[in-house]
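Protein chains in written order, with my numbering: chain A, 23 to 137; chain B, 83 to 195.
Errors might be hidden in some of the hints.
Claimed, not checked - In silico DSBU-like pairs for lysine-lysine, Cα to Cα no more than 35 angstroms straight-line:
| # | chain 1 | residue 1 | chain 2 | residue 2 |
| --- | --- | --- | --- | --- |
| 1 | B | Lys160 | A | Lys71 |
| 2 | B | Lys97 | A | Lys91 |
| 3 | B | Lys160 | B | Lys97 |
| 4 | A | Lys91 | B | Lys160 |
| 5 | A | Lys71 | B | Lys99 |
| 6 | B | Lys93 | A | Lys136 |
| 7 | B | Lys93 | A | Lys124 |
| 8 | A | Lys124 | A | Lys71 |
| 9 | B | Lys97 | A | Lys71 |
| 10 | A | Lys91 | A | Lys71 |
| 11 | B | Lys99 | A | Lys132 |
| 12 | B | Lys160 | B | Lys99 |
| 13 | A | Lys91 | B | Lys93 |
| 14 | A | Lys91 | A | Lys124 |
| 15 | A | Lys91 | A | Lys136 |
| 16 | B | Lys99 | A | Lys124 |
| 17 | B | Lys99 | A | Lys136 |
| 18 | B | Lys160 | B | Lys93 |
| 19 | A | Lys91 | A | Lys132 |
| 20 | A | Lys71 | A | Lys136 |
| 21 | A | Lys132 | A | Lys71 |
As the list claims (entries may be wrong) - Simulated coverage check for chain B against chain A, where a stretch passes if three residues somewhere in it have a Cβ under 8 angstroms from a Cβ of chain A:
| # | segment |
| --- | --- |
| 22 | 117-128 |
| 23 | 155-167 |
| 24 | 171-182 |
It is worth saying that the hints were derived from the structure and are not from the lab. Predicted, not measured: the structure shown is a model, and the values here were computed from it. Idealized CB from N, CA, C, for every residue including glycine.
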Amino acid sequence: AQSVTQLDSQVPVFEEAPVELRCNYSSSVSVYLFWYVQYPNQGLQLLLKYLSGSTLVESINGFEAEFNKSQTSFHLRKPSVHISDTAEYFCAVSDQRDNFNKFYFGSGTKLNVKP
Amino acid sequence: GAGVSQTPSNKVTEKGKYVELRCDPISGHTALYWYRQSLGQGPEFLIYFQGTGAADDSGLPNDRFFAVRPEGSVSTLKIQRTERGDSAVYLCASSPGPHNEQFFGPGTRLTVL
Chain A
23 AQSVTQLDSQ VPVFEEAPVE LRCNYSSSVS VYLFWYVQYP NQGLQLLLKY LSGSTLVESI
83 NGFEAEFNKS QTSFHLRKPS VHISDTAEYF CAVSDQRDNF NKFYFGSGTK LNVKP
Chain B
83 GAGVSQTPSN KVTEKGKYVE LRCDPISGHT ALYWYRQSLG QGPEFLIYFQ GTGAADDSGL
143 PNDRFFAVRP EGSVSTLKIQ RTERGDSAVY LCASSPGPHN EQFFGPGTRL TVL
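Pulled out of the complex, with its shape left as it was, chain B reads as follows:
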């Protein structure tokens, strides 16, 4: 079956612009996670959804970052007033439940010029 998909695969934007990154989880997975992976680092947790609600957003770096999952399936990570330091690969993962294996998407590489 289909895995986790993320669009776009690459996004280049200018400093100060707004971007949206999309994640399509595996069908039926109730848990969804966003991570950020900077160059040379491992993924860092950003936010966790259980269903439609953000159960833990403690990893979001500041209020320029926001994520939604309105129908409990697709999720969008939104970044306002992008900065060069936001450049990274943004990973999405989903799982059948909160303590199950997480299945990762291929990521969106964001470059802020």
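Isolated chain A, as found in the complex:
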């Protein structure tokens, strides 16, 4: 089984500042990687995913994440955050050997963007 670590439970940041949300996973086997976002009073939504190919993946709202196999990491970054990015962010990992996306989630990082 995978173990997913999100070291920062809360990240306060000012609007227009850059941010990095860290995610590390335990196993070096081939994995699929995901970031989900949960806005206040809403369900989880997929933000971006890494399945194969380029190790840098981007979302439509300016977030990006880079798969680093040697460091078993998939950190999420945004160069300039907006108030509307305030949400909780969850990193999830699934093992490519499984016959379905059996997600292992981190404990989440609450991003609080201040004006």
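Keeping the supplied structure of chain A fixed, place chain B upon it in accordance with the hints.
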């Protein structure tokens, strides 16, 4: 179109009671998942259905938990003899297939007094 819906949104029950939580997946999605999210934690996998059958129930914590999906659409998570430790948000997700994006419902918040 409609997303994944879950009912009820909140359920308060007493220790020892039986509860049922319902999930309506997106129409046409063959894969359905249940997760449990305890306070301050990320979602934990409970069970996966492909069609009507439970393909992987390895996440169910004990035999008090059971889930069904008799017609390959709506699913019900059943918890017998509830305990205070069962208090959590129960999430349902569906996807077009086993390796596709999972779409999550808003969850059912279960409180066991």
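**Asked** Broken hints, numbered, in rising order?
**Response** 2, 4, 5, 9, 13, 17, 23
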